[in-house]
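Trainee: The lines below spell out each chain.
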Amino acid sequence: MSDQKPLMPRRREVHPLPYWPDYKTSVARSPSLPLLSMESTTSEETGPRFGHSTLGPLDNNLIENYTQGAAKAVGERVRLHGRVMDETGRPVAGTLVEIWQANAGGRYRHIKDTYFAPLDPNFGGCGRTITDDAGYYEFMTIRPGAYPWPNRANDWRPMHVHFSIFGPTFGQRLITQCYFQGDPLIDLCPIAATIRDRSQLDRLVAALDMQNSRGMDYLAYKFDIVLRGRRQTMFENRPEGM
Amino acid sequence: MTQSLDMLVETPSQTAGPYVHIGCIPTFAGVEGIYPQDLGLSPIEDGAKGQIVTITGSVFDGTGWAMRDAMIESWQADAAGRYAGQEGADPNVSGFCRFAADKDSGQFTLRTVKPGAVANRDGSVMAPHITLWIVARGINIGLHTRLYFEDENNDQDPLLARIEQRHRVDTLLARKTGEGSYHFDIRLQGEGETVFLDI
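As given, the protein sequences belong to chains P and S, one line each in that order. Reading the first sequence from the start, the letters are residues 1 to 242 in my numbering. Reading the second sequence from the start, the letters are residues 1 to 199 in my numbering.
For the record, the hints were derived by calculation from the structure and aren't laboratory data. Heads up, a few of these hints could be off.
Said to hold, decoys possible - In silico BS3-like links for lysine-lysine, alpha-carbon gap of 30 Å or less: (1) P:Lys5 with S:Lys49; (2) S:Lys103 with P:Lys24; (3) P:Lys222 with P:Lys72; (4) S:Lys103 with S:Lys176; (5) P:Lys112 with S:Lys103; (6) S:Lys49 with S:Lys176; (7) P:Lys72 with P:Lys5; (8) P:Lys24 with P:Lys72.
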């Protein structure tokens with residue numbers, strides 16, 4: 001285990017606070033006592049690995065994976081792609097990226113979603129892939145619709161795709177959301193607003209990427225992701241102080 | 001002016017939302033046919049060494065309501081205290097599991113092997129424990145905690161030693177309810193609030 005290096009401490013100031021009254025559900029689901037902070041241990045510096053054998057050929061194609069290619073989902077065709085890096089700028093290769101989203105009408109295929117927009121019989125709403133050696137990933141999907149949700153009387157979620165990323169160690173685990181450039185609902189959304197620094201929220205807005213779009217086929221959006229890094233140090237064997 | 005540190009900043013978290021199951025455990029959510037099976041159905045396979053244990057519990061919000069929509073991930077060592085990927089680790093222990101609160105009762109169940117004590121980089125030894133990561137609607141950044149076992153020797157554990165209010169250590173101890181069975185509740189807020197971690 002001498003090759004292990006501690007994780008860089010999470011920069012909590014860029015993340016949402018647990019308690020955010022405008023996002024009503026957070027009020028009773030937010031710890032009120034401080035987190036216990038300490039340097040990472042073996043338990044956070046190791047993590048599950050998922051190989052390519054986990055994946056099927058259509059796993060990263062949400063337009064076709066629900067029907068296994070028999071029919072295509074309705075909606076604007078989008079290629080959603082980017083790189084996963086760590087705080088030191090190194091690519092995070094071979095890591096699992098999972099996404100989920102509403103259909104083009106803003107409806108999820110989920111028992112708890114009662115919005116009356118129709119389900120798309122050809123759209124399931126989830127996909128996954130593993131980053132390549134450069135940390136690169138890509139999905140084919142449809143642009144998700146915005147939708148109303150029960151919070152304040154007239155709150156709407158901007159178009160968004162949920163992202164779940166593992167990274168090489170369990171301490172780097174992250175779930176976030178990807179928004180789309182130009183969506184006016186981002187500024188009105190109490191969930192987006194949980195990120196207090198607007199420049200940090202901007203980092204969750206995927207950029208329209210015409211150079212990687214394909215004429216008469218799809219628009220590309222670029223969404224890069226940064227995970228916690230590991231400290232670079234030769235001084236790793238000191239006893240941990242209290 | 002100084003030199004630039006050339007560091008990137010971690011991507012900010014956003015809540016996993018009410019439909020996290022679609023992305024992480026779609027078959028559980030009723031979205032069938034995309035993947036052959038959900039990822040992390042079990043942290044062990046047949047032949048895993050050690051004592052099989054079943055842990056049940058619930059995730060309670062600040063009002064005392066057992067949440068029906070929480071999803072938990074667990075990460076643990078094998079019975080000898082080795083994590084998957086480490087030399088000599090039990091090939092039948094992946095150590096990773098995903099499980100969700102029951103949509104009607106809010107109860108979760110984790111069936112696994114009891115992990116062994118784990119060695120740290122600095123030579124210290126951590127008592128047997130399972131790392132837990134809890135996400136749900138209303139949780140803006142995943143909550144990290146640990147489950148220890150009340151019937152193990154936890155006296156020298158370096159993490160538990162850091163908890164100033166000693167009665168709060170109990171929030172991380174699974175209660176033995178029978179041979180091979182334990183109970184562990186997670187309380188997000190209020191009386192008995194679980195110790196959550198920033199590691």
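Trainee: Next step is simple, just say for each hint if it's right about the structure.
Mentor: Going through the hints against the structure:
Note on lysine 5 of chain P and lysine 49 of chain S: the hinted pairing holds, with a Cα-Cα distance of about 29 Å set against a maximum of 30 Å. In summary, the hint linking lysine 103 of chain S to lysine 24 of chain P is supported, as the alpha carbons are separated by about 21 Å, within the 30 Å threshold. For the proposed pair lysine 222 of chain P and lysine 72 of chain P, the alpha carbon gap of about 23 Å is at most 30 Å, so the pair holds. A distance of roughly 25 Å separates the Cα atoms of lysine 103 of chain S and lysine 176 of chain S; the hinted pair therefore holds under the 30 Å criterion.
At roughly 10 Å between alpha-carbon atoms, lysine 112 of chain P and lysine 103 of chain S fall within 30 Å of each other, so this suggested pair holds. Between lysine 49 of chain S and lysine 176 of chain S the CA atoms are separated by roughly 20 Å; this keeps the pair inside 30 Å, and the hint holds. Note on lysine 72 of chain P and lysine 5 of chain P: the hinted pairing is violated, with a Cα-Cα distance of about 46 Å set against a maximum of 30 Å. Restraint check: the Cα-Cα separation between lysine 24 of chain P and lysine 72 of chain P comes to about 36 Å, which exceeds 30 Å; the hinted pair is violated.
Consistency with the previously given hints fails for numbers 7, 8, ordered from lowest to highest.
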